[in-house]
Every structure is written in structure tokens, then in C-alpha cells.
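Student: Heads up: the sequence lines are chains A and B, in that order.
Per numbering that gives the first Met the number 0, the very first residue in the first sequence carries number 0; after that it's consecutive.
Per numbering that gives the first Met the number 0, the very first residue in the second sequence carries number 0; after that it's consecutive.
These aren't lab readings, by the way, just hints derived from the structure by calculation.
Treat the hints with care, as some may be off.
Unchecked claim - Which chain A residues face chain B? A few, computed with CB under 7 Å, are given here:
1. F44
2. I55
3. P57
4. E307
We put the CB at the ideal spot given by N, CA and C, even for glycine.
Number of protein chains: 2
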Amino acid sequence: MIPAVPGFTSLTGNIGIKDNRPDFALLGVNTPEAASAVVFTQSRFAGPSVRLGREIDPSALRGVVVVSGNANVATGGQGLADARWLRAWAGETLGCPAEQILVASTGVIGVLYPVERMLAGMDALPAPGPADLGAVAEAIMTTDTRPKCASRTVGNAIVVGVAKGVGMMEPNMATMLSFLTTDAQISTDDLDRIFRAVVDRTFNAVSIDSDTSTSDTAAVFASGEAGPVNHVEFEAALLEVCTELVRMIASDGEGASKLIEVRVTGARDDAQAKLVAKSVANSPLVKTAVHGADPNWGRVAMAVGKCESEIDILEENVRIAFGGLEAYPVPGSPQRRAELQEYLRGDEVVIEVDLGIAAGAFTVYGCDLTEGYIRINADYTT
Amino acid sequence: MIPAVPGFTSLTGNIGIKDNRPDFALLGVNTPEAASAVVFTQSRFAGPSVRLGREIDPSALRGVVVVSGNANVATGGQGLADARWLRAWAGETLGCPAEQILVASTGVIGVLYPVERMLAGMDALPAPGPADLGAVAEAIMTTDTRPKCASRTVGNAIVVGVAKGVGMMEPNMATMLSFLTTDAQISTDDLDRIFRAVVDRTFNAVSIDSDTSTSDTAAVFASGEAGPVNHVEFEAALLEVCTELVRMIASDGEGASKLIEVRVTGARDDAQAKLVAKSVANSPLVKTAVHGADPNWGRVAMAVGKCESEIDILEENVRIAFGGLEAYPVPGSPQRRAELQEYLRGDEVVIEVDLGIAAGAFTVYGCDLTEGYIRINADYTT
Numbered sequence: 000m001i002p003a004v005p006g007f008t009s010l011t012g013n014i015g016i017k018d019n020r021p022d023f024a025l026l027g028v029n030t031p032e033a034a035s036a037v038v039f040t041q042s043r044f045a046g047p048s049v050r051l052g053r054e055i056d057p058s059a060l061r062g063v064v065v066v067s068g069n070a071n072v073a074t075g076g077q078g079l080a081d082a083r084w085l086r087a088w089a090g091e092t093l094g095c096p097a098e099q100i101l102v103a104s105t106g107v108i109g110v111l112y113p114v115e116r117m118l119a120g121m122d123a124l125p126a127p128g129p130a131d132l133g134a135v136a137e138a139i140m141t142t143d144t145r146p147k148c149a150s151r152t153v154g155n156a157i158v159v160g161v162a163k164g165v166g167m168m169e170p171n172m173a174t175m176l177s178f179l180t181t182d183a184q185i186s187t188d189d190l191d192r193i194f195r196a197v198v199d200r201t202f203n204a205v206s207i208d209s210d211t212s213t214s215d216t217a218a219v220f221a222s223g224e225a226g227p228v229n230h231v232e233f234e235a236a237l238l239e240v241c242t243e244l245v246r247m248i249a250s251d252g253e254g255a256s257k258l259i260e261v262r263v264t265g266a267r268d269d270a271q272a273k274l275v276a277k278s279v280a281n282s283p284l285v286k287t288a289v290h291g292a293d294p295n296w297g298r299v300a301m302a303v304g305k306c307e308s309e310i311d312i313l314e315e316n317v318r319i320a321f322g323g324l325e326a327y328p329v330p331g332s333p334q335r336r337a338e339l340q341e342y343l344r345g346d347e348v349v350i351e352v353d354l355g356i357a358a359g360a361f362t363v364y365g366c367d368l369t370e371g372y373i374r375i376n377a378d379y380t381t
Numbered sequence: 000m001i002p003a004v005p006g007f008t009s010l011t012g013n014i015g016i017k018d019n020r021p022d023f024a025l026l027g028v029n030t031p032e033a034a035s036a037v038v039f040t041q042s043r044f045a046g047p048s049v050r051l052g053r054e055i056d057p058s059a060l061r062g063v064v065v066v067s068g069n070a071n072v073a074t075g076g077q078g079l080a081d082a083r084w085l086r087a088w089a090g091e092t093l094g095c096p097a098e099q100i101l102v103a104s105t106g107v108i109g110v111l112y113p114v115e116r117m118l119a120g121m122d123a124l125p126a127p128g129p130a131d132l133g134a135v136a137e138a139i140m141t142t143d144t145r146p147k148c149a150s151r152t153v154g155n156a157i158v159v160g161v162a163k164g165v166g167m168m169e170p171n172m173a174t175m176l177s178f179l180t181t182d183a184q185i186s187t188d189d190l191d192r193i194f195r196a197v198v199d200r201t202f203n204a205v206s207i208d209s210d211t212s213t214s215d216t217a218a219v220f221a222s223g224e225a226g227p228v229n230h231v232e233f234e235a236a237l238l239e240v241c242t243e244l245v246r247m248i249a250s251d252g253e254g255a256s257k258l259i260e261v262r263v264t265g266a267r268d269d270a271q272a273k274l275v276a277k278s279v280a281n282s283p284l285v286k287t288a289v290h291g292a293d294p295n296w297g298r299v300a301m302a303v304g305k306c307e308s309e310i311d312i313l314e315e316n317v318r319i320a321f322g323g324l325e326a327y328p329v330p331g332s333p334q335r336r337a338e339l340q341e342y343l344r345g346d347e348v349v350i351e352v353d354l355g356i357a358a359g360a361f362t363v364y365g366c367d368l369t370e371g372y373i374r375i376n377a378d379y380t381t
């Protein structure tokens, strides 16, 4: 069901972090001529995995090793040593220098790896085989309720991506974890430029709870086996894959029952549109109103209004709609209210805000805020 | 139980906005020589009440008229006309020009006042009598579960304040609504300077859900009847009254079961301390961890770490404690963990973060995030 991407190797299994579900993945690209690009969290408490990753040459990556269930964050010198050990193991297994391996680790913060148990588990794993991205998508899950995988073809090539992340989610320059593979042939410079443009519109445009992870990492690997591709088409395919992953992430947000897409148009520029869209998508009052299928456009207005620095936003120029049904400023008729309520009962809610200033636009993906989010996060234990 | 403040008049009652609870208050200072100061929300969607208030001379206020249950926000030209009508009625009742009356209105957004019903209710009210601040505190409540009133004496004078607000609460320059009265004699310039300094440390330091109201207003009135006071003592008394009100607001936050006080010290400056303290106090993951009495200092570290612009925050210099019990970087023993859990089961939780940079400090007041918040806000209807 998940298509294979020529030129990649993978290995997944349980190494004793979680009970018996997969908690370990190794994904490698077979040729040293492969291209790659990577972006990381900007957190000031980034863990050793991210710290090591920031030091390496992002265009010469040969693979990534992923541990799920333990973030190895705020673990001091021992945590850094453990990340180096994991990287060395992965390099040896894939037959490349340790410095070409990315380490990604998510889960509980502040707990050292159970290294002995992990080592026993890793020794018992089979040798890597042709990449199985579906298995990788499963192995990298933590509190995710379902694996996240998406693919598109572009010319003779294919793009397949996986992602995880359902809480502590407001990535800035990267999502929790996402890995993208392609057999397209592309230079590292072009790949980096295209990837950053795509990440800005996708992983940087999702927010589940406004909390930025210490471990966010997104990387793309291109094996080159399918030969060159049209760059415009490649960027479009990568954008579609990443957008699909981001929608999966948002709709699987902790406790979420609905995907919320906030489309802001008519802004001074895209940056202003993004600021306003994030303000709406992150507002607990908007998120709970959507959860209750309440067409409470007043809360959307509040969330626009609290962007206090934006003095060119004037109440009289703003328009607010849900799924194309205008809610403000046209006064609500009982019929329109009924239409809006019916629309808000759906699984996906689009909130449209036009600022009436210029042509800036941005779309942010989020989810509703439910009792489920509280239960998950009040009960989750350190 | 709530002391009387010489030189003030009030009137409260039901005028048909809510069912039969008080929903209307008028508070006036008797002498034209009184001093006053006021701060408002910075929302771009501020309602006509705040818009009218921003135009008037803040040092020459004679009173405030408060409607609870309807915010009169995003109500267009008719809403502005209704606010002017309310103000004129209040001026006539208190015997002063309409332009010396502040209008404050909170509740549902986007619904016009039921003017005819209100007028009938207002006509049936008794004449204003000596101020009853306890009755005012009750009449201005919306979803508050209890009235909020605090007082201190300073020299021969007294300071009594009331406040309301439990949701859509991250004031910037003012809280939802707070009115402070004193019989101290003080110049308008001194009162304004002192009030702004106090507001910055109190109402601007509370956050329940990071959502900024369209209607926030805080005002102080000084009748002067007690004669002059020492300014340092007056500021200290006002700070204590406002801090007490802010703690009442935070602990009555929608659905809240615990007051959270985030004390950041060792910052580059107070502004940095405030940024970090708000990041921690607003983090849904910190708020749910406190709700679950889980000493998850990793989430506090995450919330500090997501202040990405603060490049002088270094993980190795940060210390995190709960109620004086250090949690990071000292590795947790089972005994410390048990102590922390016991501490977190209390009604008030103090989270201490020292950044280890310089002497900047700031304290922010918030509350935990519970199923109750979701229920209140998913069910509340427009």
C-alpha cells in the first residue's frame, strides 16, 4: 500500500523502550551521491540528538536513526554520549561514517536511555532490507493514534514521506519528526531551497497546542535513482506530500475530533497573514467553540483583535466566514446560523478571515480542543 | 464585610440581560475634584465601550457604568449609539457630563443590546446610595463563580478594588474589568504613574487562556476625602489589592482547580523574565501536568526552551523548582519525586525558574487547564 522508493534501506523493531510495539527505526539511503536537507527545532532546550544534527553537513546525510518513547532531552553529558553511541551503531549498520547519520528521539523528557536493554534489543534485530516506509511510520509513533504516510509521483520519480507528532506541536522550522524520501535526482542546493519553501507552508503551519517540541526534526533524502525531475513539479509534489502529512498530524492532534484549517487572506503580507492565522488556530476559545460546533465568530474576531501590533487591521474591513458561509459582518439570520452549525458538525472546519488590506495570505492547520486533550496530558506521567 | 469608601456612590440591579441575577452596576465618585486613571485592552476589535473610553480625559472620570452578559462588541454603528445612550443615562443619574463616564460591558460578542428591556429595567432601579463595593463585585460577574473584592488601608485612607474575569484572559494593559476606589487624596499625575506601575505587575501578569478580551478595562478613582497619603505606601497598598484580585481571578479561571504562580528570576531583565513566565504559564502541557499533579519539569523546560529568540538562555544555567523543591538540574530521586507530587496536589502551585543570567525577575499568575474549561467553552453558546 505504501510504495517502495528505490535506493533506500530500512530496519524497524522493538528495543525495549515501549512494551512490545515497535520503538526503533533506521532509514538509510544507499548511495553516497544522495542529496539531503534537514531542518530542526529552534528550542533553547533542544536535546543532544538535535545538537548533534545541527553540527553535521545537512547535504551529506546517509540516514536517520529514530527512538520513540524517550526524547533523550535535558539528560546532560550522559545523554550526549548516548546519542553519539546510537549514531555510531547506526553508521556501522548502514556502512557509513557516524557523522552522516541523523539521530531523532521523541517521548518523555529528562530520562536517560535504558542503554543496556536497548543494546540487547538492537543486537537481536535483523539486518536492514529494502525500505519499508509504512513500517517506519509505525515505529516512530509515540502518542499518535495512527501512522502518517503520504506519497506522490513526479515524472519517473516518487516522493514518500512519513511523520509523527500529536502534542507539544507548534513547530518552528521543523515538525516533531518527518522524513521524506525520493528517488528523484536533484542537487543538494536545489533540494535545500525547495524543502525550506515547502516546510514553511506545511510543517511550520501546523499547531496543535502552541507548545514547541525540543526534538522537532524534518529531513528529506533523494537517492537519485529515477534521474532528474522538473523542479517546479518536484516542489509541487513535495508540497502535496507534506501538506497531506500536516493534515494527518493536525487531525490526529491529542484528543482532537476535528481538523481546523485557518485561511487568512487580504493581509498586508504573508507574514501578517501567518501571525493572524496562528492567533486564530491557537486560541483555546476558538478551538473549544469548534469542538462544540458553535458558530461563535465573535471568538474569531477576538483572536484577530488580539494581534495588537497590527494597527492596519481595522474591524470594519475584516470579513469572517466558515467554509464559505459568511458570518461577519453580515448580521446572522436564524437560517445562516443553522447552516453554520450544520457545517461545524463536520470533521473538517475551514475558518476564513479576510483582512481587507492587501494580497498577503497564509493557511495554518490545527485542531479542536477537547476533554481528550486534557485527559491525555493530565494523566501522561513523567 | 467589604469596607465602605468615603466619597463614592453606587447602584446595582437586574436590567434584563441575565435571568434574575444582578447584571448592571453604576459606580460614581461624588466630587468633581476626584482623581482617576484608566487602562484599556489593546485589542484591534475593541468594542464601542472601550472606543468611547479611549477618547475621554482619563484623569477627569466621575464614574463607570457596567453591563454584564453582553459585550456590545462588533455591533457596528448601532452598538456605538447604544454605548452613548448608556453613558448619557449614567451621567444624568450621577449628575455629571456624559463624557466623564466610563462604559464597561462584557459577555457575548456580536449581539446588540436589548435596549427596550434594559430601559424598562433601568427605570425601575432605585436611586444611587453610598457605594456598596460588594454588590458591585457581584453585579459585574459573568461566568465568574465568585465575586472578587480586596481592600487595604494606607494611612487614614482605604483602597477597595473589585474585579471580574475568568476566561478570554490574557490582558495587556488591563484586565477584563477591575475598578478600584480610594479616599486618598492624590494628584491625577501621581495616580496615573502609580496605577500603571501596579497594573504592569498585576493585571498584565495574569493569564488564564492566552486569549485577550475585546473589553478589558481597569480604572482607579480617588475621592480625596481622607486627605494626602504617603505615595510609596499608597503604591504598596494598591499593589497588594491588585495582586489579591489577580490571584482571585487566576484561581477562579474557567474550569480551574489550582492557582499557578510562575516566578522567573535570574533573567537578563524583567521583560525577558515576563516573556519566559508567560510562556510557562500559558503552556497547555504545563497547565495539564499541574492539573494531574505530575512534577513534569520537562514540560517547564520545554516552555522555557520555546522562547527561541532568547539566545542567552542556556540549558546548563537554568534551574527549575516547584514550591522551593528543586527539580532540575538535580537528578530526581524517588523521594524528591514523592515530595513534588505531594506539593503539586495543593491548591496553589508555585513554579520557579531561574535563568542564571542576571537579576531580571517577573511573576505571572495563571491556572491549570481542566476538562471544566473545555466543557464551559464548548457548551457556551453565541
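Student: Now tell me, hint by hint, if it's right for this structure.
Tutor: Checked hints:
1. For A:F44, the suggested interface contact is upheld, since its CB lies about 3 Å from the closest CB of chain B, less than 7 Å.
2. Because the smallest distance between the Cβ of A:I55 and any Cβ of chain B comes to about 20 Å, over 7 Å, the interface hint for this residue is violated.
3. For A:P57, the shortest C-beta to C-beta distance to chain B is roughly 19 Å, which exceeds 7 Å, and the interface hint is violated.
4. Because the closest C-beta pair between A:E307 and chain B is about 4 Å apart, less than 7 Å, the hint holds.
The structure fails hints 2, 3 (numbered hints given earlier, in ascending order).
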